[in-house]
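Enquirer: Since each chain comes alone in its own frame, lean on the hints to assemble the complex.
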Amino acid sequence: MTELLGLSILELCYIVASITFILGLKMLSSPDKARKGNLIAGYGMGLAIFATIFFKEELTPDKWLNYSLILGGLIVGTVIGTRMALKVKMTAMPQMVSFFNGMGGACAAVISLVEFDHLRHNSNPETGMLTVILLGLIIGSVSFSGSMIAYGKLEGKINDKALPGGQIINILLLLALFGLAIWMSFTGNLSPTLLYILLGISLLYGVLFVMPIGGADMPVVISLLNSFTGMAAAFGGFLYGNQAMLTGGILVGSAGTILTVLMCTAMNRSLTNVIIGSFGGGSSSSEKSGEQGTAKEISVTDAAILLAYANKVSVVPGYGLAVAQAQHTIHNLEKILEEKGVVMNYAIHPVAGRMPGHMNVLLAEADVPYPKLLEMEDANEDMSSTDVVLVIGANDVVNPAAETDAGSPIYGMPVIKVWNAKNIIVLKRSMGKGYAGIENELFFHDKNRMLFGDAKDSLEKLIAEVKNL
Amino acid sequence: MEEILSLFYENREFIFLIIVSVFLGIEVISNVPAVLHTPLMSGANAIHGVVIIGSIIIMLQADPTNYYALILGFIAVVLGTLNVVGGFVVTNRMLEMFKKKSK
Chain P
1156 MTELLGLSIL ELCYIVASIT FILGLKMLSS PDKARKGNLI AGYGMGLAIF
1206 ATIFFKEELT PDKWLNYSLI LGGLIVGTVI GTRMALKVKM TAMPQMVSFF
1256 NGMGGACAAV ISLVEFDHLR HNSNPETGML TVILLGLIIG SVSFSGSMIA
1306 YGKLEGKIND KALPGGQIIN ILLLLALFGL AIWMSFTGNL SPTLLYILLG
1356 ISLLYGVLFV MPIGGADMPV VISLLNSFTG MAAAFGGFLY GNQAMLTGGI
1406 LVGSAGTILT VLMCTAMNRS LTNVIIGSFG GGSSSSEKSG EQGTAKEISV
1456 TDAAILLAYA NKVSVVPGYG LAVAQAQHTI HNLEKILEEK GVVMNYAIHP
1506 VAGRMPGHMN VLLAEADVPY PKLLEMEDAN EDMSSTDVVL VIGANDVVNP
1556 AAETDAGSPI YGMPVIKVWN AKNIIVLKRS MGKGYAGIEN ELFFHDKNRM
1606 LFGDAKDSLE KLIAEVKNL
Chain W
180 MEEILSLFYE NREFIFLIIV SVFLGIEVIS NVPAVLHTPL MSGANAIHGV
230 VIIGSIIIML QADPTNYYAL ILGFIAVVLG TLNVVGGFVV TNRMLEMFKK
280 KSK
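Residue numbers (the working numbering), protein chains in the order written: chain P, 1156 to 1624; chain W, 180 to 282.
Chain W on its own, in the form it takes in the complex (with noise of 0.2 Å):
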């Protein structure tokens, strides 16, 4: 009991954050035509490729010498990078059509 209220109290910023960012995300995209659901879910995609940062932080505190982190976390950041720059490039060919068809 005494543990899991002091994690609660320990992390109760980030609760507060999640629970505001849950109904924030739930308010941003609540007005989405469909014409505009591929290209939201693709940036949205992109947009949780910021797991990257975990890895980065990964390599930056490993031990030069620890290879199994090293190595773990070359390929975390290698396909984070995958994530953030494919899921950002393809919805913008994807945007970029949409302006071509408005003029």
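Bound-form chain P, shown alone (with noise of 0.2 Å):
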């Protein structure tokens, strides 16, 4: 009776859990109740947890050891993880977000692990269940070598490192990691020794899967390693028979799946295309157009009466602004130029910076009020009106070869058309390419001026002259 009552309160509690990660997702997607809705998630994966440390078994003595592990590992991991989220910078969030993201692969993969030297010591051992914790490891696996790959990349400690061949050498490895996973499956095969050889491949698999991939194609990935690791967690909670699992997992897969697919089509990729790993390489319009002339400089105090005289300006912000740490900045200018009549809003491009919304985070943080930011289509319908546009730190995001150049990489992806206001200022530190490592015609536009610079610095000398006009 005692045992029957404690299960029944831990599957209530995975229901209610189940029910607060749908809501809490749901929630997500509205400004107002975002973020209740993301601390009943938060309840809801407490609840969860507890329920299963003290219903889920009779608790003995003689486990002592096992109890005071799992407290040890929960408080290691909240000490650890509260310190390490509270102190990341918002610029640097979207790494933080892919660390996480690999700490829950690295978990399903380890669960794996332990669940195959289970099922070896058993003496009936199920297939199908092996079929579950080998597709466990692997995507675990993958989803955490991958995200620590993206964790450094978008850290800055890696650069991007396209090896010859390296989409063949993808896919191969992909059959391989298949091939053998479907071999031990059928045949039935326990030995470690393979396993761990699929481990090293899916890590391998990873790592060069994330490799190759430029920065403006770096949402695409998270979000599609965030979708892996609830694959993982799906994957788990089919080999314990547990619905909190099972739905957490699914829901995360699916969403992030979803979201992963509205991302590419926003920048007329295929997923295929991403899977493989073929992004920016591009070698095919290496030889287009050659020298397009000189771009034009514009000096600050130019620069400034242009801001200062104009009706409308449109700010373009990308992943200079971030790194920069140019949000308050920027913002000061918008108060000072609203004090000059100067109406002034934000283009924003659905995948400016290195993640979905980065810019809506990175904006908000500075308190730039909510209606100022304009979603693409909107920023282009005005962009007759505006009378100068100011992109800071974007590159990919403002280039015209996206319509222009049918050999470019970036053909077909929507852009800010800002060659339609009347005058473009672009910020930026040389005359570098973009992350998608492309050249940007748009430099050598007429209607173009360059002012080159850090772009903190370079606001904050605009500010100077305009306060001084």
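Calculated directly from the structure, the hints in this document are not laboratory data.
Note that CB positions come from ideal geometry on N, CA and C, so glycine has one too.
Don't take every hint at face value.
Stated by the list, open to error - Label-pair restraints from in silico Cβ distances:
no.	chain 1	residue 1	chain 2	residue 2	range
1	W	Pro243	P	Leu1167	26 to 32 Å
2	P	Glu1536	W	Ile183	53 to 59 Å
3	W	Pro243	P	Leu1241	17 to 23 Å
4	W	Glu275	P	Ile1174	20 to 26 Å
5	W	Thr244	P	Phe1209	21 to 27 Å
6	P	Ser1346	W	Ile183	36 to 42 Å
7	W	Ile205	P	Glu1493	40 to 46 Å
8	W	Thr244	P	His1483	53 to 59 Å
9	W	Ile183	P	Phe1209	45 to 51 Å
10	W	Glu189	P	Gly1562	42 to 48 Å
11	W	Ile205	P	Gly1396	22 to 28 Å
12	P	Lys1602	W	Ile205	22 to 28 Å
13	W	Glu189	P	Lys1188	50 to 56 Å
14	P	His1483	W	Glu189	55 to 61 Å
To be verified - Derived coverage of chain W by chain P (criterion: at least 3 residues anywhere in the stretch with Cβ under 8 Å from a Cβ of chain P; other residues may be distant):
no.	segment
15	189-199
16	216-223
17	234-245
18	248-258
19	264-274
Claimed, not checked - Incomplete in silico selection of chain W near chain P, CB under 10 Å:
no.	residue
20	Ile183
21	Leu186
22	Leu203
23	Val211
24	Pro212
25	Gly228
26	Val229
27	Val230
28	Leu261
Expert: This is the structure:
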């Protein structure tokens, strides 16, 4: 009776937790309720964790070591996780998400390692379970190593590297992975050596899969890896017959996949293209148009005059704004220009920065009011009536080649059509290429002037000049 | 054949649950404005931390002398907790800013 009671409480808690996950995701879709949604899902998670500890098995004194390790693990993880999450700068959020995602993937992979060992010592191993364990291992480890590489790249610790023939190697690795997994499942092979080989290939695949992918595509990859970890969690749920893990994992798996697809569509890419890892290569278009002339510079004073006497100014922010930590500075410029009667708004490209919504989060941190952020479609409609466009640290999202050059790797991607405005000022550190590694003809456009330097420095100088006018 | 059929039959409820959850996941996020993409991704990231339950089950069921399972299980608990706690805290921080802005 008491055991039945405990298990019923446990299942009830899992049902409640699953509901909180669904509600949480739903509420995260609306700006007013998002925060509450996150908290609700968090409480649900806590409930599921403690219910598992207290009601899953009868607690016995001889397992004191197990219990103290669980408690210890929870404490260590909570302390480190909270500290990291509280210390990270707003600009480094994407890599933080990627890092935590990798932790989840690693957790799923480790579970598979233990369960494989468990299965090996079972007198009557179930082949069905073996398949589930192997899939959890593969997806979990790919997600782990991939997320770590994405983390390193966004931190600037790892550079883009494309191996010659990388695509073929990736496809071969993928074939080897699933071939080995299927063969092990069908023959019921429980050799630990093969398991470690599988683990090694999975980790390697994760590394090689993310390695050649450039910045503009990083959001897609993080979203994809996020849904991978969701799937790995779901396999765990299948393994333990655990509904909370299953619903949580599948929800994230499917929601993450849809988000990934939405992002791919926004950039006019196919998902297969991402998975095979052929992004940003664009070798076919390398010999296009050669020299485009020279880019014209503008002085800070001239730029300030242009801005102060404009009726309407639009800002196109990009990753450079995040790197320079210039979100507060641009907001100050906005306030000063508004005092002078200039209307200023922000044109946000859906994939500007290193994550969808990256710019929104960044500008929100600087207290830029919501209605000032225009989505790409609205911004483009507005463009012809805009006097000055200020492009800050953005490159690929304002590249006209997306419309004009069929050979360009970003051809077909919707971009912010800044060239429809009357004047363009590009704030940029140097004439370097964007993250996708392609030339930007915009810099040589008649209407365009370059203002070289660190975005924050340049903006501060602009503010000083505008004040003096 | 027999084995596959029985695997299917034994797990029919789970398969049902999976299919419903897939559609639910798609439905739930279909109307997300681009502004909330980052927090949503981060929130979803925290939710898949539910995988930690698996590591707790390992620890609960492990024999106290099976150090392989205990050590790996401990690592898994730490990793899972990092995912859950870090994920929710980061998401909360992002959303705090959205709230401040709306006022």
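Enquirer: Each hint needs a verdict: does it hold in this structure or not?
Expert: These are the hints, each one checked on the structure:
1. In this structure, Pro243/W and Leu1167/P meet the distance hint of 26 to 32 Å, their C-beta atoms being roughly 29 Å apart.
2. Distance hint for Glu1536/P and Ile183/W: a CB-CB separation of about 56 Å, consistent with the stated range 53 to 59 Å.
3. Evaluation of the 17 to 23 Å hint for Pro243/W and Leu1241/P yields a failure: the beta carbon distance comes to about 36 Å.
4. A hinted range of 20 to 26 Å holds for the C-beta pair Glu275/W and Ile1174/P, which are about 25 Å apart.
5. Between Thr244/W and Phe1209/P the C-beta distance comes to about 23 Å, which sits within the given range of 21 to 27 Å.
6. The beta-carbon spacing between Ser1346/P and Ile183/W, approximately 23 Å, falls outside the hinted interval of 36 to 42 Å.
7. Range check, Ile205/W to Glu1493/P: about 41 Å between beta-carbon atoms, so the 40 to 46 Å window is met.
8. One distance hint, 53 to 59 Å for the beta-carbon pair Thr244/W and His1483/P, holds here, with the actual separation near 58 Å.
9. A beta carbon spacing of about 37 Å between Ile183/W and Phe1209/P contradicts the range 45 to 51 Å that was offered as a hint.
10. Separated by about 54 Å at the C-beta atoms, Glu189/W and Gly1562/P break the suggested range of 42 to 48 Å.
11. For Ile205/W and Gly1396/P, the hinted distance range of 22 to 28 Å is satisfied, since their beta carbons lie about 25 Å from each other.
12. As the Cβ distance of Lys1602/P to Ile205/W is approximately 43 Å, the hint placing it in 22 to 28 Å is violated.
13. Checked against the hint of 50 to 56 Å, the pair Glu189/W and Lys1188/P fails, with Cβ atoms roughly 39 Å apart.
14. His1483/P and Glu189/W have their C-beta atoms about 59 Å apart, which keeps the hinted 55 to 61 Å range intact.
15. Here the segment 189-199 of chain W counts 4 residues with a CB under 8 Å from a CB of chain P, which clears the bar of 3, and the coverage holds.
16. Counting residues of the segment 216-223 of chain W whose C-beta sits closer than 8 Å to any C-beta of chain P gives 8, which meets the bar of three, so the coverage hint holds.
17. Check on the segment 234-245 of chain W: 9 of its residues sit with their Cβ under 8 Å from a Cβ of chain P, so the three-residue criterion for coverage holds.
18. For the segment 248-258 of chain W, the proposed coverage by chain P is satisfied: 10 residues have a C-beta within less than 8 Å of a C-beta in that chain, meeting the threshold of three.
19. Evaluation of the coverage hint for the segment 264-274 of chain W: fulfilled, as 11 residues show C-beta separations to chain P shorter than 8 Å, against a requirement of three.
20. With a cut of 10 Å, the hint placing Ile183/W at the interface with chain P holds, because the nearest CB-to-CB distance is about 9 Å.
21. Because the closest C-beta pair between Leu186/W and chain P is about 5 Å apart, less than 10 Å, the hint holds.
22. Because the smallest distance between the Cβ of Leu203/W and any Cβ of chain P comes to about 6 Å, under 10 Å, the interface hint for this residue holds.
23. Nearest Cβ of chain P to the Cβ of Val211/W: about 4 Å, under the 10 Å cut. The hint holds.
24. Look at Pro212/W: its Cβ gets to within about 7 Å of chain P, closer than 10 Å, so that hint holds up.
25. The beta carbon of Gly228/W comes within 5 Å of a beta carbon in chain P, closer than 10 Å, and the hint placing it at the interface holds.
26. For Val229/W, the interface hint holds, the least distance from its beta-carbon to any beta-carbon of chain P being 4 Å, beneath 10 Å.
27. Proximity of Val230/W to chain P holds as hinted, the smallest CB-CB distance being about 4 Å (cut-off 10 Å).
28. The interface hint given for Leu261/W holds, since its Cβ lies 4 Å from the closest Cβ of chain P, which is under the 10 Å cut-off.
Comparing the model with each earlier hint shows violations of hints 3, 6, 9, 10, 12 and 13; every other hint is respected.
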